[in-house]
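Mind docking chain B on chain A? Use the hints.
There are 2 protein chains.
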Amino acid sequence: MPGITIGDTVPNLEVQTTHGKFKLHDYFNNGWTIIFSHPADFTPVCTTELGKMAAYLPEFEKRGVKLLGFSCDDVQSHKEWIKDVEAYTPGCKVTYPIVADPSREIIKQLNMVDPNEKDSSGNQLPSRALHIVGSDNKIKLSFLYPATTGRNMDEVLRAMDSVLTVSKYKVATPANWKQGDPVVISPQVSNEEAKQVFPQGFETKNLPSGKEYLRFTNV
Amino acid sequence: MPGITIGDTVPNLEVQTTHGKFKLHDYFNNGWTIIFSHPADFTPVCTTELGKMAAYLPEFEKRGVKLLGFSCDDVQSHKEWIKDVEAYTPGCKVTYPIVADPSREIIKQLNMVDPNEKDSSGNQLPSRALHIVGSDNKIKLSFLYPATTGRNMDEVLRAMDSVLTVSKYKVATPANWKQGDPVVISPQVSNEEAKQVFPQGFETKNLPSGKEYLRFTNV
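These protein sequence lines map, in sequence, to chains A and B.
Using my numbering, you'd call the opening residue of the first sequence number 1 and step up by one each time.
Using my numbering, you'd call the opening residue of the second sequence number 1 and step up by one each time.
Next comes chain A alone, as it looks inside the complex (with noise of 0.2 Å):
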């Protein structure tokens, strides 16, 4: 049974990391962070993944968004490991801090626990679990992959484009969306308010229903 799900606050809770101690919320300072974790320090999909966030930073740090990675692993292990993730992603610089979690408890809160990986002395080990986090702390999406599915971060940054543009419109976004694409106007909207809200204008698809709730608009 996981800890928090999309909708939940993300708990207060005080963290040992590379960059020292803090808690999440002073952290998040009411921004968008992506929190996300990783099964171990020294391993290969973890190694790939933490120099690809690094490489895709400025990207976030563009939108405003901050990272915070999490694993059990100790704050002299992260250490160590980031210069094996530099060497690996020539160029890049992990500049986010990480969390150290040896007890576990943080993780479990956070729903990032895999429960098919445990460590040589039979210890949970953490998901590859990534959380998008908004401005009011509460959990807007979620990736669960497992320990052997590395993440991909253009779809973190496309999921990410789309939860900062439906937080500024009354929209949302279709499959396979990407940034500048149109998008699809919500069904709270009524056509007389949209003609308002939108001065752009909007298109409605005609469909076999005659039912007009696929409008596209740009925004």
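Treat the hints loosely; a few may be bogus.
Straight-line distance between alpha carbons at most 20 Å, and here's what the computed EDC-like set of lysine to aspartate or glutamate pairs gives [stated by the list, open to error]:
(1) B:K79 x A:E117
(2) A:K170 x B:D119
(3) A:K211 x B:E86
(4) B:K170 x A:E212
(5) B:K118 x A:D8
(6) A:K178 x B:D154
For the record, the hints were derived by calculation from the structure and aren't laboratory data.
Then chain B, alone, in the frame of chain A:
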């Protein structure tokens, strides 16, 4: 608080669908299945998503993977709405079943509830949850997206290719991996064993730690 998460067995619930009544495990039939929920029929993002799922169906079928949709509307509504979905995505047929769950009992058990979305009667609505279910009826990987963010079927397919690949070989897939890219050898496999298991050879990356854990091969 959610219901099941990765590692958990999908309960063998009896469901009413557009293809009649059946039990979930009978539908899975010891094969791989993608189960996914959508908030409501006759709404914009869902229409684009179900159409995309139909468009990608040949790719999933090629991999022996079945699809099963879920939402809270009734079977008659699903059937009427499918006409809209197919009209919006020409050439595609929604040939996979969609579960009807007017009582919300099923979506709650399957961790498919969006806490922020309610219908006009105040009833809970599903999130865009998508679980990849293995041939052992257990959840291998989950996406939990809010109602306002349509999923990306390319990422669903990529993740599916990853879990299928790692189910066959002692490997994992690195960040941003796509089918055909090199994979990494699992840390549990010693170099000695790797030489036997991967006669095609493998490349070990040189890292500052001197540890030989980042080993790429092709499968």
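Legend entry - Holds or violated: K178 (chain A) to D154 (chain B), with C-alpha atoms at most 20 Å apart: Judged against 20 Å, a Cα distance of about 12 Å means the pair holds.
Legend entry - Pair hint outcome, K170 (chain A) versus D119 (chain B) [Cα-Cα no greater than 20 Å]: Roughly 17 Å between the alpha carbons, so the hint for K170 (chain A) and D119 (chain B) holds.
Inset, instruction - Measure nothing beyond the straight line between the CA atoms of K211 (chain A) and E86 (chain B); if it is 20 Å or shorter, mark the hint as holding. - result: 15 Å, holds
Inset, instruction - Starting from K170 (chain B), check that the Cα of E212 (chain A) is at most 20 Å away, please. - result: 51 Å, violated
Legend entry - Restraint status (C-alpha distance of K79 (chain B) to E117 (chain A) at most 20 Å): 42 Å, violated
Inset, instruction - Decide if the proposed pair is consistent with the structure: K118 (chain B) and D8 (chain A), CA atoms, cutoff 20 Å inclusive. - result: Roughly 16 Å between the alpha carbons, so the hint for K118 (chain B) and D8 (chain A) holds.
In terms of the numbered hints stated before, the structure departs from hints 1, 4, listed from lowest to highest.
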